[in-house]
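Enquirer: So the protein lines, in turn, are chains D and A.
Going by this note's numbering, the first residue of the first sequence is number 21, and it counts up by one from there.
Going by this note's numbering, the first residue of the second sequence is number 21, and it counts up by one from there.
Hint data in this document are derived by calculation from the structure and do not stem from the laboratory.
Computed from a predicted model, the values in this text were never measured in an experiment.
Ideal Cβ placement from N, Cα and C applies to all residues, glycine included.
Where hints are given, some of them may not hold.
[Claimed, not checked] Which residues of chain A face chain D? A few of them, derived with a C-beta cut under 10 Å, are:
#1 Ala-23
#2 Lys-73
#3 Phe-95
#4 Arg-115
#5 Met-119
[Stated by the list, open to error] Some chain A residues judged to face chain D by a derived CB distance under 7 Å, without partners named:
#6 Gln-61
#7 Val-63
#8 Val-72
#9 Ala-76
#10 Cys-91
#11 Val-92
#12 Ile-100
[Stated by the list, open to error] Take a look, some chain A residues computed to stay more than 10 Å from chain D by CB distance:
#13 Ser-43
#14 Arg-79
#15 Thr-85
#16 Asp-97
#17 Ile-98
Number of protein chains: 2
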Amino acid sequence: MAALQAGEDHEVLKVSSRSNPNSVAGAMAGVIRSAGTVEVQVVGAGALNQAVKALAIARGYVASTGIDLVCVPTFADIEIDGERRTAIRLCIEDRDHRMPDPAYVGPDGTVVIDVRD
Amino acid sequence: MAALQAGEDHEVLKVSSRSNPNSVAGAMAGVIRSAGTVEVQVVGAGALNQAVKALAIARGYVASTGIDLVCVPTFADIEIDGERRTAIRLCIEDRDHRMPDPAYVGPDGTVVIDVRD
Numbered sequence: 021m022a023a024l025q026a027g028e029d030h031e032v033l034k035v036s037s038r039s040n041p042n043s044v045a046g047a048m049a050g051v052i053r054s055a056g057t058v059e060v061q062v063v064g065a066g067a068l069n070q071a072v073k074a075l076a077i078a079r080g081y082v083a084s085t086g087i088d089l090v091c092v093p094t095f096a097d098i099e100i101d102g103e104r105r106t107a108i109r110l111c112i113e114d115r116d117h118r119m120p121d122p123a124y125v126g127p128d129g130t131v132v133i134d135v136r137d
Numbered sequence: 021m022a023a024l025q026a027g028e029d030h031e032v033l034k035v036s037s038r039s040n041p042n043s044v045a046g047a048m049a050g051v052i053r054s055a056g057t058v059e060v061q062v063v064g065a066g067a068l069n070q071a072v073k074a075l076a077i078a079r080g081y082v083a084s085t086g087i088d089l090v091c092v093p094t095f096a097d098i099e100i101d102g103e104r105r106t107a108i109r110l111c112i113e114d115r116d117h118r119m120p121d122p123a124y125v126g127p128d129g130t131v132v133i134d135v136r137d
């Protein structure tokens, strides 16, 4: 579905045209919950489509915690198999850079309490 | 390229897969400059791709006026030729809902002063 890897100071979620938007939305919400921000990298229209659909779904997942997810797209030059490609990076975070409330209501209605700190 | 029509309380920019991202970015910047917000409606991955590229370009156009453009995607049920389709609407505005400075520096470096009011 979507591969997660640690970026310089944030998580980067790589989404493809075969990614399931609901699954990606769950991953987005999870990273937002723990890190406050997530960066999504896509190459191609199909992958971007799945990522934006996932964001629209993830907005609903985190809205109950007071998070208003917004997205900032930028271009990125990347190399895939030795070939230079232009990717789009979507920086996804709360509009006011707020961190989510640790008492998190999950997409299925269950309340998950983050007790890591 | 992109058709502009007045929505309930804002401008709606319809973008297709054949729209030129630079042209759409110019239109976006123009509407942001005058109305502070613009809604983009797309159907299909190709159209969304052009719209998101345009947004990445438009961010640069308005950054010099202190505007930090962000995007909020939502789903919308629309009807095209009697057939129900799911569109994606991108609500594009300044992160803090600020209105642009009327002294606007255009993409070509010229300063355009809005004297309409």
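Enquirer: Hint by hint, say whether it matches the structure.
Expert: Structure-based check of each hint:
1. Ala-23: Since chain D brings no Cβ nearer than about 20 Å to Ala-23 (chain A), farther than 10 Å, the hint is violated.
2. Lys-73: Since the shortest Cβ distance to chain D is 7 Å, the answer is holds.
3. Phe-95: This interface hint holds because 6 Å falls under the 10 Å limit.
4. Arg-115: holds, 6 Å
5. Met-119: Met-119 (chain A) check fails; min Cβ-Cβ to chain D is 16 Å, beyond 10 Å.
6. Gln-61: violated, 13 Å
7. Val-63: This hint is violated: Val-63 (chain A) lies away from chain D, its Cβ roughly 11 Å from the closest one there, beyond 7 Å.
8. Val-72: holds, 5 Å
9. Ala-76: Holds. Min distance 5 Å.
10. Cys-91: Since the shortest Cβ distance to chain D is 5 Å, the answer is holds.
11. Val-92: holds, 6 Å
12. Ile-100: violated, 17 Å
13. Ser-43: holds, 17 Å
14. Arg-79: Answer for Arg-79 (chain A): violated, closest chain D Cβ roughly 7 Å.
15. Thr-85: Since the minimum Cβ distance to chain D is about 17 Å, Thr-85 (chain A) lies beyond 10 Å and the statement holds.
16. Asp-97: Given that every Cβ of chain D is farther than 10 Å from that of Asp-97 (chain A), nearest at about 13 Å, it holds.
17. Ile-98: holds, 15 Å
Hint check: violations occur at hints 1, 5, 6, 7, 12, 14; the rest are consistent with the structure.
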